[in-house]
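One line per chain: the protein sequences are B and C, in this order. Using our numbering, you'd call the opening residue of the first sequence number 7 and step up by one each time. Using our numbering, you'd call the opening residue of the second sequence number 6 and step up by one each time.
The reader is advised that the hints may include incorrect statements.
[As the list claims (entries may be wrong)] A few chain C residues that don't get close to chain B, going by computed Cβ distances all over 10 Å:
#, residue
1, 13
2, 18
3, 22
4, 29
5, 65
6, 202
[To be verified] Derived lysine-lysine pairs resembling DSBU-like cross-links, with alpha carbons at most 30 Å apart:
#, chain 1, residue 1, chain 2, residue 2
7, B, 295, C, 131
8, C, 120, B, 235
9, C, 238, B, 179
10, B, 114, B, 36
11, C, 220, C, 122
12, B, 179, C, 88
13, C, 115, C, 188
14, B, 179, C, 195
Since the hints were derived computationally from the structure, they do not count as laboratory data. These numbers were taken from a predicted model, which means no experiment stands behind them. All residues carry an ideal CB built from backbone N, CA and C; glycine is no exception.
The lines below spell out each chain.
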Amino acid sequence: MSSAQIEIQIIACLVAVACAIPGTFLVLRKMAMISDAISHSILPGIVIGFFLTEDLNSPWLILLAAMTGVITVVLVEFIQKTGLVKEDTAIGLVFPTLFSIGVILIAKNANDVHLDVDVVFLGELAYAPSYRFLINGMDLGPKSLWVIGTILLVTLLLLITFFKELKISTFDKQLAATLGFSPVVVHYGLMSIASVTTVGAFDAVGAILVVALMIAPAAIAYLLTNDLKKMLVIAVFSGIASALTGYWIAHYLDASIAGSIATVLGVLFLLVYLFAPKKGLISVLFRQKRQQMEVYLLTFLLHLQNHTEESERHLNHLSEHINWGKIRSKTVLDLALKNNMIIIENNIISLTEKGQGFTEKAIDYITTNSTVAIEKMKEDFFLFRG
Amino acid sequence: MEKKYAITVDDLTVAYNYKPVLWDIDLAIPEGVLMAIVGPNGAGKSTLIKSILGIIKPIAGSVKIFGKPYKKQHQEVAYVPQKGSVDWDFPTTALDVVMMGTYGSLGWIKRPGQKEKKAALEALEKVGMLSFKSRQISQLSGGQQQRIFLARALVQNASIYLMDEPFQGVDATTEKAIINILKELRKAGKTLIVVHHDLQTVPEYFDWVTFLNVKKIATGPVKDIFNDGNLTKTYGINYKVSVQE
C-alpha cells in the first residue's frame, strides 16, 4: 500500500466515525431527513466561503457553511411552526432552494472557482492526499485529514461531556425541560455538530455519501442493539468497516470510492435488516409464525377445557370439531404433547394440570391484559411478548 | 390564617395560535393534597400541567411553586408525562429510564454514579419493577411502562408530583398499585396533582379536585365540591355520579 492509499483510508474512517456519532442521535430523533437537507443546503455557504477564503479547507469556510446548515434547520422549523405545511414538506421546500442558490453561484462564477457540482455530490476522496497541510515547508499530511480529525475530536469531546443531556433530551424532551436541561440548546448543539461534520466531510466524500454515512450506520446499529452506548459503538464500527471495504472495492473495480462506500453501507444494511437476531425481518417472521402457532395451541387447549364430553376430545374427530386441516391439527397436537399440556388415553385427549394452568393464565392475560401471572411464561412462549 | 400553598396560579391564560386553551385560571393548591384535575377532552388539563412546569409559555399570568418561579424550583417538582409522549423503542433499559430522574439534581455534565443507581433501584423496588430493571423498555407492558415513569418521578424525591393521566391504558392491578403509592406520598406530606379521566374513582382516590373546562369551574375538597352541579357545569350535560361515603 502506498502512503496515499493509507491516507485515503484513514480519512475515510475518520469521516465515517465523525458522521456516525451525530447520525445516531438524528436517527433516534427521527430527523434523518434533516441530514439530507443540511448536506445540500450548505452548498451556498461553501461557495460564498470559497469566494472569501479561496481555500476549501479553511476553518472560516467550514464555520460559514455550517451556519447555512443551522439556518436550514431554523427555516424548516419556522415554516413548520406556521402549521401550514408538515415537516417533510418544509424540508423539501428549504433545501432545494438553498442548494440551487449554490448551484447558480457556482455556474455564474465557474471561471473563477475550482468547484463543480460533480465534486459537490460525490466528493473526491482519491484526490484528498494531494492537498497537503504545510507549516514552514514541513509536510504534516493531507489537509482534509486535519480538518476531519479536528471535527471528530470536538465531536467526541462533546459526546462524552454531554452524553447524559443528549440522551435525556432525545428520549424525553419534556422531562429534560422540566429538569432544567434546555432541549433547545441540546437540539441546536447537535444541529451545529451535524452541520460542521457535514461540511468537513463533504469535501472528501460529497453530499450524498455524507447522508449515507450519517444514517446507514445508525440504522444498522439500531437493529442490532437495545443499548444507546452499544448503538454508538456499532454505528462507528459499521461505518469504519464499510469505509474500508468500500475503498478496496473501488480500488479493484477502479470506481468511485465514495460510491463504493455508500453501496457497501446499503448492502450491509440490507443484510442486517434481513438477519438481525431480534429485529431482523426473518426473525420477526419467525416470531409471528410462532405466535400464530401458539394462538392455535391456546385455541385447542381452550376447546379441551370447554368440553368435558369425550366425543369432542376424541383424537380421530379432532379435526372435524375444531375445523382444522390434518397437518395443522397434528402440529398443534405435537406442540401440546411436547409441552406436557395434554395426555392421550384411549384416543381421548385430556388437559394436564400444566395445560389447565397455562390456559387459564393465558386467557386471563388476554382478557385483562394483566401481566402478573404470565411473566414467567414469556421466556418460553412468544405469545406473551407483545 | 395564611395557608401554605404548593402551587399558585394567577390569571393564567394560554393560547395556541390565538385560540385560548386556558382562560384566566386562578388556582391555589394547598400543600399535601392529592388532587385530581378533571374535565372533558380539550379542556386544557395537560396544558395546565405543562404551564405549571414551564414547558408551555402562557400569554398572560404567572405560576409560582412555593412562592417562587418554576425555574428556581425545578428540584421541587417531579413530572410524569403521558406514556405516549416518548418513543418506547428508544434503546435503553428500565433502570436507565428511572436513572434519568436523578439527572435534575446532578445538573449539567456531572454523571450519575453509584448513589444515583441505588436510588433508582429503590424506586424500581417501590413500584414492584425491580426484576425488570435490565429489560428493554419496549418489552414492557403498558402498565409496566407507567410504573417505570412513576419510579422515575419517585427518584427525584420532589415535594410536588404532576402526573398526566397515569392510569391511562394500565390494568386494574397497576392502577391499584399506583394509587397506593400516591396515597403513601401524600401521607409523607407531598403534593400530588393528577390529570384524571375516570370520574367514578375520584372520591375514592383523591381528597382534592379541580374542575376544568378552559376556565376553572371549581376547586376544593372532593367532599365539598364533587357534586352533580359542578360536573354538569364542567361537562355541559346533566351528570349523575353516585358519591359513596
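Against the structure, the hints come out as follows:
1. 13: Check passes; 18 Å lies beyond 10 Å.
2. 18: holds, 20 Å
3. 22: violated, 7 Å
4. 29: Holds, because the least Cβ-Cβ distance between residue 29/C and chain B comes to about 24 Å, which exceeds 10 Å.
5. 65: holds, 21 Å
6. 202: holds, 17 Å
7. 295/B - 131/C: Answer violated: residue 295/B to residue 131/C is near 38 Å, above 30 Å.
8. 120/C - 235/B: holds, 21 Å
9. 238/C - 179/B: violated, 35 Å
10. 114/B - 36/B: Roughly 37 Å separates the two Cα atoms, so the pair is violated.
11. 220/C - 122/C: violated, 42 Å
12. 179/B - 88/C: Roughly 13 Å between the alpha carbons, so the hint for residue 179/B and residue 88/C holds.
13. 115/C - 188/C: violated, 33 Å
14. 179/B - 195/C: holds, 25 Å
Hint check: violations occur at hints 3, 7, 9, 10, 11, 13; the rest are consistent with the structure.
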